[in-house]
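Q: As a plain string of letters, each chain reads:
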Amino acid sequence: MIQQLSNRVLRDLSNALPAERIATSDDLPVVSPIGDAEWRAALAVANAHGSKVVVRGADSRAGERPWPQGVQLVLSTAGDDALVQYEPGDGVVSARAGMPLDTLRASVAAGRHHLVPLLPRGAGTIGGAVAAGRSGADRLRFGPLRHHVLGIKLLQADGEIVRSGGALVKNVTGYALHRLWTGSHGAFGAVLEVHLRLFPLAARTEIAVATLASLQAALDLGRKLAGAPAAPLAVEVRGRDERWELSVVHAATPRVLATAWDEARRIAPELSTPREAGEWVAEPDAPALLHLTAMPSRLFEHLSALRRLAGGALGEALVRPGIGEALVAVDGANGGAAALERELASSPLDARWRRAPADVLTASLGRETRAPGFALMRRLRERYDRPGRFAPGRFFGGL
Amino acid sequence: METVADRLLETPITPALIDDLRSLLGEDGVLTARAQRFPYESDGLAMLRVEADLVLLPRNTEETSRALRLLHAARVAVVPRGAGTGLTGGATPVAGGAVVATTRMRRVLELDLEDGWARVEAGVVNVDLSAACAHGGRIYAPDPSSQTACTIGGNVANDSGGPHCFKYGSTTRHVLGLVLVQHDGEVLDLTGPAVEPFGFDLAGLIVGTEGTFGIVTEVTVALVPAPEHVRVLLGVFATLDDACDAVTDMIGAHVPASAIEILDRLTIEAVEASVFAAGYPTGAEAVLLVEVEGSEVEVAEASERVRELFRAHAALETRVADDLERRQRLWAGRKGAFGAMGRIAPDLYVADAVVPRTRLRELVRRTTEICRERGLRLANVFHAGDGNLHPNICYDRRDAAEVARVLDAGHEILKVCAANGGSLTGEHGIGLEKQAELELVFSPEDLAAMCAARDVFDPDRRMNPGKLVPERACLETRTLPPPQLDSTTQ
Numbered sequence: 001m002i003q004q005l006s007n008r009v010l011r012d013l014s015n016a017l018p019a020e021r022i023a024t025s026d027d028l029p030v031v032s033p034i035g036d037a038e039w040r041a042a043l044a045v046a047n048a049h050g051s052k053v054v055v056r057g058a059d060s061r062a063g064e065r066p067w068p069q070g071v072q073l074v075l076s077t078a079g080d081d082a083l084v085q086y087e088p089g090d091g092v093v094s095a096r097a098g099m100p101l102d103t104l105r106a107s108v109a110a111g112r113h114h115l116v117p118l119l120p121r122g123a124g125t126i127g128g129a130v131a132a133g134r135s136g137a138d139r140l141r142f143g144p145l146r147h148h149v150l151g152i153k154l155l156q157a158d159g160e161i162v163r164s165g166g167a168l169v170k171n172v173t174g175y176a177l178h179r180l181w182t183g184s185h186g187a188f189g190a191v192l193e194v195h196l197r198l199f200p201l202a203a204r205t206e207i208a209v210a211t212l213a214s215l216q217a218a219l220d221l222g223r224k225l226a227g228a229p230a231a232p233l234a235v236e237v238r239g240r241d242e243r244w245e246l247s248v249v250h251a252a253t254p255r256v257l258a259t260a261w262d263e264a265r266r267i268a269p270e271l272s273t274p275r276e277a278g279e280w281v282a283e284p285d286a287p288a289l290l291h292l293t294a295m296p297s298r299l300f301e302h303l304s305a306l307r308r309l310a311g312g313a314l315g316e317a318l319v320r321p322g323i324g325e326a327l328v329a330v331d332g333a334n335g336g337a338a339a340l341e342r343e344l345a346s347s348p349l350d351a352r353w354r355r356a357p358a359d360v361l362t363a364s365l366g367r368e369t370r371a372p373g374f375a376l377m378r379r380l381r382e383r384y385d386r387p388g389r390f391a392p393g394r395f396f397g398g399l
Numbered sequence: 001m002e003t004v005a006d007r008l009l010e011t012p013i014t015p016a017l018i019d020d021l022r023s024l025l026g027e028d029g030v031l032t033a034r035a036q037r038f039p040y041e042s043d044g045l046a047m048l049r050v051e052a053d054l055v056l057l058p059r060n061t062e063e064t065s066r067a068l069r070l071l072h073a074a075r076v077a078v079v080p081r082g083a084g085t086g087l088t089g090g091a092t093p094v095a096g097g098a099v100v101a102t103t104r105m106r107r108v109l110e111l112d113l114e115d116g117w118a119r120v121e122a123g124v125v126n127v128d129l130s131a132a133c134a135h136g137g138r139i140y141a142p143d144p145s146s147q148t149a150c151t152i153g154g155n156v157a158n159d160s161g162g163p164h165c166f167k168y169g170s171t172t173r174h175v176l177g178l179v180l181v182q183h184d185g186e187v188l189d190l191t192g193p194a195v196e197p198f199g200f201d202l203a204g205l206i207v208g209t210e211g212t213f214g215i216v217t218e219v220t221v222a223l224v225p226a227p228e229h230v231r232v233l234l235g236v237f238a239t240l241d242d243a244c245d246a247v248t249d250m251i252g253a254h255v256p257a258s259a260i261e262i263l264d265r266l267t268i269e270a271v272e273a274s275v276f277a278a279g280y281p282t283g284a285e286a287v288l289l290v291e292v293e294g295s296e297v298e299v300a301e302a303s304e305r306v307r308e309l310f311r312a313h314a315a316l317e318t319r320v321a322d323d324l325e326r327r328q329r330l331w332a333g334r335k336g337a338f339g340a341m342g343r344i345a346p347d348l349y350v351a352d353a354v355v356p357r358t359r360l361r362e363l364v365r366r367t368t369e370i371c372r373e374r375g376l377r378l379a380n381v382f383h384a385g386d387g388n389l390h391p392n393i394c395y396d397r398r399d400a401a402e403v404a405r406v407l408d409a410g411h412e413i414l415k416v417c418a419a420n421g422g423s424l425t426g427e428h429g430i431g432l433e434k435q436a437e438l439e440l441v442f443s444p445e446d447l448a449a450m451c452a453a454r455d456v457f458d459p460d461r462r463m464n465p466g467k468l469v470p471e472r473a474c475l476e477t478r479t480l481p482p483p484q485l486d487s488t489t490q
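Note that the protein sequences, when read in sequence, are chains A and B.
Just so we're aligned: 201 in my numbering is position 201 of the first sequence, and the numbers increase by one with no gaps anywhere.
Just so we're aligned: 483 in my numbering is position 483 of the second sequence, and the numbers increase by one with no gaps anywhere.
None of these hints come from the bench; they were simulated from the model.
These numbers come from a predicted model, not from an experiment.
Please note: incorrect hints may appear among the correct ones.
Claimed, not checked - Reference excerpt, derived from the structure (chain A facing chain B, CB under 10 Å, subset only):
id, residue
1, Pro88
2, Gly183
3, Arg197
4, Gly227
5, Thr253
Glycine residues also receive a C-beta, built at the ideal position from the N, C-alpha and C atoms.
The whole structure should be built from the sequences, with the hints applied where relevant.
A: Quick look at the structure:
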């Protein structure tokens, strides 16, 4: 039945779009429109057939939300990857959603700009990062990504393409719908284009590390370093059990770096000699990964509570003490993630899966429905996507 | 004296409703006499004035919620209001109803200097919050020029800015959570503070909605560390063009400033003749105020780069202020500029538009021409670093013809900015003033998407009706009368 439906959808897609835009994957049509007109045309076909669609970029966050119910068409941003506008003199960049983050980062670096969020290499597309509201290792210095999304162009379920915000660093014209759309995982439509604020690219980035035997000691030291007057780009604590590596990253001019490291060594004499940072951004690689947040002064307490809930199932952790967030690997293969999710259901901890087995992701939806304002979120989702065209069941609380 | 009782036949407000509200808010929490309601007829955009049927002054979230339940049951329109310092008519009633002001909600409820946040009631005055946390080495960064009067709740409603938003961003970047009392009195508690929104970013959406989604009664805000060292550099320029070009080059060169502001000749003269006199050179065509902050070395490096750019753009003089007193004096002139302009004319129309920072000189020139063509006096004082223009048109509202020219100039300025990649407002909001111009930057579909969000929060559109999104864009079936233009003799 699904195959027959897909065949009809494929036929109409072939009539509406160039053949090279259409492929199949796992028996589902995958369409990669380029430009607003093709996106409209592709969605019109889905609407005509009543097909549920899922939007994806580089598929790098496929394991973050449950797979939606009854999807018959995949709309991919992968081919729609143009740099729309970059004006180095204004510090703003506009790009189509499918542009890989790495490519966009390199493009603006040519104009001596830094792109937020700083994520590990190969972390997908800018549209995916915005849809997921994904902040990076540079959040300590620059704040979360959602603060720097200046505007978004979005394809709604009704086929209309709408804009919120724009390519200006300061702008309060109209409702900030782009704030609603950022981090919604596409619940309100397909992100087609984004406008982002840029920051000056530092002359040099250096890193220094120290090894500590206790997480609490590493976090205490990390918070002091994060709060130093010469603000670091990042302070991270990485490890497990009784071995924790504290790393401090400063990005500045050589003179400023010299004084920043003097100050850092006064706070933490055990820091190594700083070196050129190179490719320093990395996140734990595990089939089940939990993102825990808490106010910085309470992060250790929350991590300890998580450890108690998880029994022995926790693996490597990456902790950002100045922000109040941790990425913690969980032993998913032995049922550790499922058991932990059961514990989290009755816990006040703010812990969300970045990657997990499908059954764990589905189970976690129940927790989300208890979020303050969930009834409003449901009404918003229903208002913008009445037929549930975009990936029903995939979004927050199973919306 | 006319009281609301005189108008009861025309409004849904009954004596029984007023009694219920008095029982809830106390005698001094319900204002019905005309003389009491008079100050609530307009905000800082004094040319638009409409009388409210009554004014309510709840003392906390609970009272606000219960008052809105009563108003909801009676189907009374609600106009949220902070200190009334807004400049676009956002707190001006459109068709009577009840103004609900947050000015009696002035408590700082929680202050966490270690993690850097505070939970405050909406009526807390902006500058009082920074004063409350200064002893802990923290500041509340958004600093509108009206910060000695404007409230945090009003700042949230308008997503207000200020000079230091060049570095720190406008209000929305500092809101960690909030409490919203909705049209039917239901309380949405998103106070947090949370590192990440749990689900959709409702708080981020609510900031800047100008009271059309409900009344924000509490706000959790981020407090940033006070900078270790601060320096203000004042560049004196022979032309406004030179000052604008210096800013454009400063942005292009990535100079790490925390504030970049321009004042033109007319503004300088008004400031120097006022109590806000800052020692600006009165012969100059423009001054450029640049603040840099950070470690000692960061301040030194940034200052040198600023000086170089001043020199490259033919600055006549550069003054430097390191100590607090001298810095405050320089800033007092900038912050008091709007007040000082009372010396030039009885009224001031403060326009607010944003332009790409690469086009500052050209568009500041054009705004000047627009005013000159209409025989209007223009004073420029603006957040140059953000491309946020504030052409201030001096006028006398007793002169109806001049008022018409002012409004025409304001419209033309917005049209030119929008046509050149800019936008309608950087920090003052849309309010009543700029609704027609929204269509210069948004399509009907964009506006319909905004209306859809509004419908979810306030399906009857009784929260601040007639504001921000044009009613026709929302396919409003109820016709609201246009705001009255006040040209009465003062």
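Q: None of the hints should be skipped; say for each whether it holds.
A: Tested hints:
For Pro88 (chain A), the suggested interface contact is upheld, since its CB lies about 7 Å from the closest CB of chain B, less than 10 Å. Given the 10 Å rule on beta carbons, the hint for Gly183 (chain A) holds: about 6 Å separates it from the nearest Cβ of chain B. This hint holds: Arg197 (chain A) has a C-beta 9 Å from the nearest C-beta of chain B, less than the 10 Å allowed. At its closest, the beta carbon of Gly227 (chain A) sits 7 Å from a beta carbon of chain B; the interface hint therefore holds under the 10 Å criterion.
Annotation: interface hint on Thr253 (chain A) holds; nearest CB of chain B at approximately 6 Å, less than 10 Å.
The earlier numbered hints are all upheld by this structure, with none contradicted.
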